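S.K.: Chain residues, written in single-letter form:
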Amino acid sequence: MRAFEYVRADDIGAAVALVSGDPAAQYLAGGTTQVDLMLKDGILEPERVVDITRLPLRGITADDRTLRVGALTTMEELAADPTVAERLPFARTALLAGASTQLRNMATIGGNLLQRTRCRYFRDPGVPDCNKRTPSSGCAAITGAGARMHAILGAGETCIALHASDLCVPLVALDTVVRVRGTDGERRIPLTEFYLLPGDRPDLETVLRHGDLVTAIEIPLPPAAIRSGYLKVRDRASYEFALVSVAAALTVEDGTITEARLGLGGVGTIPWRARAAEQVLTGAPATVETYRAAAEAELRAPFTVPGTAFKPELARRTIVRALEELGGDRT
Amino acid sequence: MTLTRPVVVGAGVDRVDGPLKVAGAAAYSSDITLPGMVHVALVRSTIAAGRITRLDTGAAEQLPGVLAVLSHHNAPRLAAGPTNNLGPTPPPPLQDDRIRHHGQYLAAVVAEKPYQAAAAARAVTVEYERTEPVLRIEDPAGELRTDPFGMDATRGDAAGALAAAEVVHEATYVTAENTNNPLGLFATVAQWSGGRLTVHDATQWTSNTCQTLAQMFEVPESAVRVYAKYVGGAFGSGLRVWPHVVLAVLAARTVGRPVKLVLSRPEMFTGIGHRPNTVQQLRIGAARDGGFVAIEHEALQTVAMDDENLEPVAASSASAYACPNVATRDRQRRLNIPCPGSMRAPGEAQANFALESAIDELSYLLDMDPLDLRLRNYAQVQPQFGLPWSSKALRECYQVGAERFGWSRRDRRIGAMRDGRWLVGYGMAGVSYLWWQVHCEARATIGSDGTGYVRSAATDIGTGTYTVMRQLSAELLGLELDQVRFDLGDSNLPWSPQAGGSGLTGALGNAVHAACRELIRTFLRTVVNDSASPLRGCTIDDVAVSGGRIHHRADGKLGESFVAILARHGLDELTADGVSDPPDPQEVGMAPAGAFAAKFVEVHVDPDLGLLRVPRIVSVVDGGRILNEKLARSQIIGATVGGVGQAILEETVTDPRTGRIANANLGDYLVAVNADIGEIDVTFVGEPDQLTPLGTKGVGEVGLPGTAAAVANAVYHATGKRIRSLPITIDDLLG
Ligand SMILES: Cc1cc2nc3c(=O)[nH]c(=O)nc-3n(C[C@H](O)[C@H](O)[C@H](O)COP(=O)(O)OP(=O)(O)OC[C@H]3O[C@@H](n4cnc5c(N)ncnc54)[C@H](O)[C@@H]3O)c2cc1C
Ligand code: SF4
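Listed in order, the protein sequences are those of chains Y and F. Each residue of the first sequence is one higher than the one before, starting from 1 at the first, in full-length UniProt numbering. Each residue of the second sequence is one higher than the one before, starting from 1 at the first, in full-length UniProt numbering.
Fair warning: there could be bad hints in the mix.
Far from chain F, some chain Y residues (derived; all Cβ distances over 12 Å) [as the list claims (entries may be wrong)]: (1) 83; (2) 100; (3) 129; (4) 189; (5) 235; (6) 275.
No more than 20 Å apart at the CA atoms, straight line, and that leaves these computed lysine to any residue pairs for SDA-like [as the list claims (entries may be wrong)]: (7) F/113 x Y/4; (8) F/113 x Y/3; (9) Y/40 x F/290; (10) Y/40 x F/540.
Pairwise CB distance ranges, derived in the manner of DEER restraints [what the hints assert, rightly or not]: (11) F/95 x Y/137: 27 to 37 Å; (12) Y/309 x F/85: 55 to 65 Å; (13) F/172 x Y/105: 26 to 36 Å; (14) Y/105 x F/82: 25 to 35 Å; (15) F/82 x Y/200: 33 to 43 Å; (16) Y/10 x F/136: 29 to 39 Å; (17) F/54 x Y/36: 48 to 58 Å; (18) Y/309 x F/131: 40 to 50 Å.
For the record, the hints were derived by calculation from the structure and aren't laboratory data. Since we're looking at a predicted model, the values are computed, not measured. Where a beta carbon is used, it is the ideal one built from N, C-alpha and C, also for glycine.
Working from the sequences, and respecting the hints, build out all of it.
M.R.: Below is the structure:
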């Protein structure tokens, strides 16, 4: 741990200016990721920490088309929101399947989007080879034995680190938009374009520029007829990240799937929108055979290491199960 | 005096230390703060084998608050620690440039503040000459130690009997490395003053820590005092004097100030032992009617460089069943790994999984109910000694367990039982726990106000020793619970063995028993010629105690109080010592029995997703006399939860290339959480053990073994998949 300056921001513009102008400054929200990485793991060593929790970015508003969630709203607050319970039940399930009550009371929605990977090699400065931490140093996870919690989609030889958020899985399926404040004003970025695949720069994780502040997310509310569910598969029955999770929303009319939205967790280097699967599903009969074809389409080319070899099959089956629970089987 | 069969004990008295712990008022070693105290942070090796070529502390020494940086360059040579009944002391730290394992301590930084020490520790740079580490248990490059405990057993001719057996089952079973993860981080506070050393430590054995530090630092034992008033769990990891304890003491001596060293969770994974992984071969031969004709059990486990670890695995199979031909062999592979050590039910936890899985497998070959097969081979006498057991109610464990569980509802066909999508399986296992008892001492005092004070150097690692020993002392001295104080966790008190091996309650209980009896005798001696005393001339056999009085057995009114005796004789108090020693089996003509247990488990398996849940576990335990049913039950529940962890979750993962533990934190190393645990039903059966006056048998560990085997056996019953490797996880059950 290195000594750092702590600043409490009480104005959005000032906060953005402070961090944007200082490469060694970082935001602090609930701190459940940030403080671990700074104080326990020693991975982040900012010289200045800008606490944004007093900024007026907390709260939820809804109209009939969109739910707008301030970036500093906590996970527990969002889970308790009546509109979420009614219109976005799978987002509620995903929230409550994540972390623990204590953490969810601290953790913010902005922080959830920007949480860092749980990769055990990334989080140990004693491990020299981590492309995400030190570009071009190699990847200890690929050669190591502890890669059970790693990604198989969007992954490659440079990095297989998982984006472990549960909440982002339904959010990415719903075409959520992220509102960002930079030095040049406010931008709206679709969540599906917010994250970057590791490619040859696993150290770059999002399209944000240094100092950009997430101010809110806007979740388009799906049609009332849609049925949604979140299925999280993990070794431990609670308090663990997903090995595989599926956020699915289906509208089935007369046995035919008219709308399908599918997000995957536990498998992607970024929250994974399963577009290939959606394509198979849309317009197809609501049958197990369709679900299998959709799962197959999405997992055509996974990147696995010995520790994750079981994941493609687990992902296929979890997708099928999630869809079957929503759409039934009309065969 | 009628003290040999106390009756008040047994009641479910609440923990006497409970309120303190709930209020945060119980000071664990990490809570101890001394004036002028400074802090230690550790630098650990990031390779598993080789040599340090350069260790540069210059930058660290310049940082604010840094008082000293200890390394092999400047640390004094330390004498080796003693060898005790668990083996030698782990190698002392900072003695040379050799790297034995990833995570080995290379330097210790002492600074005014903990964060200054941590920052400076990161500023120490180390360069290595790396050699190829030996990391896999199968690797022939690692030294193979045969019969390391001298406990390999043979009976009859196992190989010959196997060759001739009508039915033979043979298989290899694998158990993962597990790490003791007590909630309390281990911490040592050390202070030297005028050649005297005071240590507060998370140890399970103050007497040993005292002796070891005295020997290593070459001071008399009388100059060393070790406290462990409260320990935040240990599960065996506090049985040895680990290098961090030595470093704290060394640091305190170097800077001449009290120091505190608190391990981080990652350091807990490399510095305080772990349950070694095993590969075990089991061969069981049986006649068609189910009678065992031969058992061969070979177990290979890991051990660290320059270390020993007493962990008999195969050995326990020699006495579990009646079988004329038996051969057990233990072996250890020496690897570049952190020192293994005891973890709740050491050896038994691994062995029982192999043996009780193998018996289950055999039951299918024989087309017998697995419970019937165990009863068919019940060891009525101790098979290795041929002597009657000092107590054994395993048959009752099976019977009561089967009844409580509803074993008769089990449909024997594989995969025949369902609950919606879930396949349901029933499995069971038996447990014959080894006996362990060692010398122990205690002291008892009654003061002029009539209250009792009983003590021993023993520790209470959260198991309830304070409570049970206070109950027992109250019973034995005829006082109320609140009239007695029981003190422990201080090496200046009479010598005690470790809180380990399920042996402390027996050893300490009998020492307390001896001390209290001796104290009553001392009172009787005081009044032996006292014409004013109604107890004049009485011997201990003539009297009983109750209500703060000694009185004639036959006539409760004929007696007097402790207070009266002391007052009349002008005494402030009377004190007496007691010891207990393990009996010699040959002399008493009985085979000393440990606890026995039967485990019945229901599992649910989702065969598509590979999910495994354990909604129900029935444990029936023969623990001899149960001194406090509530606390004993908690021991069985906690151990069962640990067993579930071993069965379905816990695995310490070591990178095959670097020797680094990849999941050294509680986020990645999965212990069972509440949601993993269903109904746990605990029942005690049996009689007081005949070997000792108290008749207790330890119950601290017996609740753990059997769980994993019963889970695996239930998984087979549910799915037809025989999983011979722990933990059983989703990837094992997919498909
Ligand atoms: C033990 C544990 C278990 C967990 N389990 C789960 C789980 O099962 N599922 C799950 O989804 N999550 C889980 N999490 C992750 C948790 O949800 C995240 O840590 C949390 O959401 C982060 O929010 P925060 O407010 O604490 O962010 P912080 O830790 O304060 O910040 C996280 C990062 O985001 C940046 N940041 C924060 N807010 C903003 C903003 N508004 N604009 C720009 N940058 C910002 C910070 O600089 C930092 O880099 C777990 C975490 C822990 C510690
Ligand atoms: S997976 Fe990515 S984060 Fe993990 S070690 Fe490899 S490069 Fe680093």
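S.K.: Going through the numbered hints above, which ones does this structure break? Give me the numbers in ascending order.
M.R.: 2, 3, 5, 9, 10, 12, 13, 14, 15, 16, 17, 18
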